[in-house]
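**Q** Residue strings, one per chain:
Number of protein chains: 2
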Amino acid sequence: MAPLPKRLTGELAAIDEFIDRFDVFLFDCDGVLWSGDHLFPGTVETLELLRSRGKKTIFVTNNSTKSRSDYLKKLSSMGVPSSVDEIFASAYSSAIYISRIMKLPAPKNKVFVIGEAGIETELRSEGIEFLGGTDPSLRRDITPEDYTNIANGSMLDENVGIVLAGLDFHINYLKLSLGYQYLARGAKFLATNLDSTLPSAHSFFPGAGSISIPLISMTGQQPIALGKPSQAMMDSIEGKFQFDRKKACMIGDRLDTDIKFGLEGKLGGTLAVLTGVCKAEHWEADDAPVRPHYYVDKLSDLRG
Amino acid sequence: MAPLPKRLTGELAAIDEFIDRFDVFLFDCDGVLWSGDHLFPGTVETLELLRSRGKKTIFVTNNSTKSRSDYLKKLSSMGVPSSVDEIFASAYSSAIYISRIMKLPAPKNKVFVIGEAGIETELRSEGIEFLGGTDPSLRRDITPEDYTNIANGSMLDENVGIVLAGLDFHINYLKLSLGYQYLARGAKFLATNLDSTLPSAHSFFPGAGSISIPLISMTGQQPIALGKPSQAMMDSIEGKFQFDRKKACMIGDRLDTDIKFGLEGKLGGTLAVLTGVCKAEHWEADDAPVRPHYYVDKLSDLRG
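Chains as they are written, first to last, in the UniProt record's numbering: chain U, 1 to 304; chain P, 1 to 304.
Hints were generated in silico from the structure; no laboratory data involved.
Warning: the hint list may mix true and false statements.
[Unchecked claim] Here are some of the chain P residues that sit facing chain U, going by a computed Cβ distance under 10 Å:
#1 T148
#2 L215
#3 G220
#4 I224
[As the list claims (entries may be wrong)] Here are the computed distance ranges between Cβ atoms for each label pair:
#5 A288/U with S35/P: 29 to 39 Å
#6 D157/P with D16/U: 31 to 41 Å
#7 K247/P with E158/U: 24 to 34 Å
#8 P289/U with D85/P: 35 to 45 Å
#9 G153/U with P81/P: 32 to 42 Å
#10 S52/U with Q221/P: 40 to 50 Å
#11 R185/U with G36/P: 15 to 25 Å
#12 S125/P with Q222/U: 19 to 29 Å
#13 N149/P with S35/U: 37 to 47 Å
#14 A232/U with S35/P: 47 to 57 Å
#15 P81/P with A232/U: 25 to 35 Å
#16 R7/P with G153/U: 34 to 44 Å
[Claimed, not checked] Chain P is nowhere near these chain U residues, computed Cβ spacing over 12 Å in every case:
#17 F18
#18 E145
#19 K175
#20 G207
All values derive from a computational prediction rather than experimental measurement.
Glycine included, C-beta positions come from ideal geometry on N, C-alpha and C.
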């Protein structure tokens with residue numbers, strides 16, 4: 001059992017030592033930098049402090065509907081200065097994983113996408129061929145002919161080697177039928193992330209995990225997930241940034257995704273904030289499955 | 001461990017004794033009476049034989065998109081003479097369960113339906129108020145306003161007490177969002193059936209279970225299922241037909257749905273046929289979880 005986390009809020013010497021210990025800080029965004037449309041006071045100044053001390057800041061998000069440049073716009077609109085190179089989202093993580101880790105041989109390496117434009121942008125940026133996605137011809141009801149043509153393969157692209165499922169606001173029966181059929185014929189199964197819910201408007205809506213789970217249930221196959229806490233995402237991040245894991249710290253508000261992601265990735269540190277989902281009581285229980293190394297009440301407490 | 005089933009094919013005396021033992025025969029349809037669009041030879045004559053010996057025949061199907069009268073048309077189109085009163089489908093089973101077993105007090109007893117017209121017909125026949133279903137205003141993309149109005153409840157009917165999920169060929173993000181929100185606010189969760197796949201065109205397509213599973217994953221709640229092998233369906237059948245379970249026999253081609261349904265319902269008998277999914281090797285294994293009492297190679301072997 002890991003020890004209880006050290007609280008840094010108000011402990012100036014401990015904060016200084018904490019910051020000195022790491023070269024790289026990985027940030028979850030919602031619940032850490034902001035909540036919904038509300039930027040937490042001191043967020044920008046905290047990032048500036050870390051950068052002024054030579055630290056690398058990386059924003060890691062499971063949001064699969066946005067490309068990095070979409071997400072940069074989101075950060076800018078929230079008033080958080082950043083650059084594309086600091087952003088690591090699950091759509092990009094998926095593209096990197098396909099192009100640099102899976103490396104399926106052509107021609108059977110096309111990707112059937114269930115998801116939105118952010119995934120397409122990132123696949124394109126890695127030169128990966130794909131179909132599905134936002135294709136308007138798939139945004140329709142299934143027809144009697146479709147059943148025959150899907151089952152006999154005439155509606156399928158025989159070069160599909162991967163099904164990638166992310167959050168799709170236009171999910172329908174036809175796309176699920178096609179996704180199933182590709183998987184049943186041997187395509188590899190990837191998911192941008194497995195979060196069953198998406199926080200929005202102070203409530204929850206279906207997340208990317210709610211798009212892939214019918215396919216999991218139909219095929220009995222588990223996808224490789226590219227979002228937190230999957231280590232496939234950590235491998236992708238490390239592949240890109242080439243940092244020393246012992247000198248990196250993951251900062252987040254969720255024990256089961258952010259903190260678990262950092263711990264399983266054997267990062268040198270994990271820091272929880274109490275401005276999101278997680279409460280101190282979650283790690284205080286004797287049987288708490290995940291405990292961060294440190295916590296602060298709010299991110300801006302790192303300013304001392 | 002149950003003993004191996006007795007093979008009746010070709011055993012005239014045993015068949016005669018088998019038929020004499022039961023008053024009621026419950027039939028699964030696809031894989032027993034027909035396969036796809038192909039009626040097995042001797043099906044009609046076998047049903048006539050049983051009826052001529054005074055037996056009650058009941059057709060039990062997990063198909064949730066059809067009402068009983070829709071299903072009667074299906075039986076007629078296959079050349080199987082029947083009547084509405086002999087048909088028990090999961091949409092009807094769901095309606096019976098809601099009206100005669102759950103009996104939620106008005107006004108908070110409306111049903112939010114995710115599914116097709118068959119469910120609506122059966123709910124209407126039991127006088128149950130509902131919304132959703134085939135409502136064309138829900139067959140559209142989610143809008144930014146929807147997030148707010150779903151989350152704050154202004155788009156919801158406060159009298160919804162039940163979410164009923166069946167096979168919906170028009171499933172979309174909006175319906176899943178509404179279904180989740182009703183469940184999160186305390187509605188009871190029912191599913192017509194939990195089959196993840198639907199056999200069609202000699203392949204598989206998403207079944208009713210693929211519609212409910214995102215809601216299961218989002219809420220952590222398991223629905224009460226009204227299809228085989230759920231005993232809620234057996235209770236509904238018994239509630240309607242008032243038969244002696246010891247004098248009833250379930251006939252089917254699937255061990256995990258049909259035969260399990262009969263065994264868990266403590267029917268006097270279960271008969272497997274080898275014209276569908278199930279093979280003899282499935283129950284011959286030492287660790288076979290389900291063994292029928294009897295089997296025939298094909299249903300028409302009961303004609304002796």
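**Q** A separate judgement is required for each hint: does it hold in the structure or not?
**A** These are the hints, each one checked on the structure:
1. T148: At 5 Å from the nearest chain U Cβ, T148/P passes the 10 Å test, so the hint holds.
2. L215: holds (8 Å)
3. G220: Constraint on G220/P satisfied, holds at 9 Å.
4. I224: violated (18 Å)
5. A288/U with S35/P: 29 to 39 Å: violated (53 Å)
6. D157/P with D16/U: 31 to 41 Å: Check failed, 56 Å falls outside 31 to 41 Å.
7. K247/P with E158/U: 24 to 34 Å: For E158/U against K247/P, whose Cβ atoms are near 54 Å apart, the range 24 to 34 Å is violated.
8. P289/U with D85/P: 35 to 45 Å: Hint violated: Cβ distance 54 Å, outside 35 to 45 Å.
9. G153/U with P81/P: 32 to 42 Å: At 37 Å between Cβs, range holds.
10. S52/U with Q221/P: 40 to 50 Å: This hint holds: roughly 49 Å between Cβ atoms.
11. R185/U with G36/P: 15 to 25 Å: holds (20 Å)
12. S125/P with Q222/U: 19 to 29 Å: About 41 Å separates the Cβ atoms of S125/P and Q222/U, which means 19 to 29 Å is violated.
13. N149/P with S35/U: 37 to 47 Å: For S35/U against N149/P, whose Cβ atoms are near 20 Å apart, the range 37 to 47 Å is violated.
14. A232/U with S35/P: 47 to 57 Å: Roughly 42 Å apart at Cβ, these two residues miss the hinted range, so it is violated.
15. P81/P with A232/U: 25 to 35 Å: Violated: the Cβ-Cβ distance is about 57 Å, outside 25 to 35 Å.
16. R7/P with G153/U: 34 to 44 Å: Holds, since R7/P and G153/U (Cβ atoms, about 38 Å apart) stay within the stated range.
17. F18: Holds: least Cβ distance 36 Å, greater than 12 Å.
18. E145: Given a closest Cβ separation of 10 Å, the condition is violated.
19. K175: Answer for K175/U: violated, closest chain P Cβ roughly 10 Å.
20. G207: Its Cβ does come within 12 Å of chain P, the nearest being 8 Å, so this is violated.
The structure does not agree with the numbered hints 4, 5, 6, 7, 8, 12, 13, 14, 15, 18, 19 and 20 stated previously, though it agrees with the rest.
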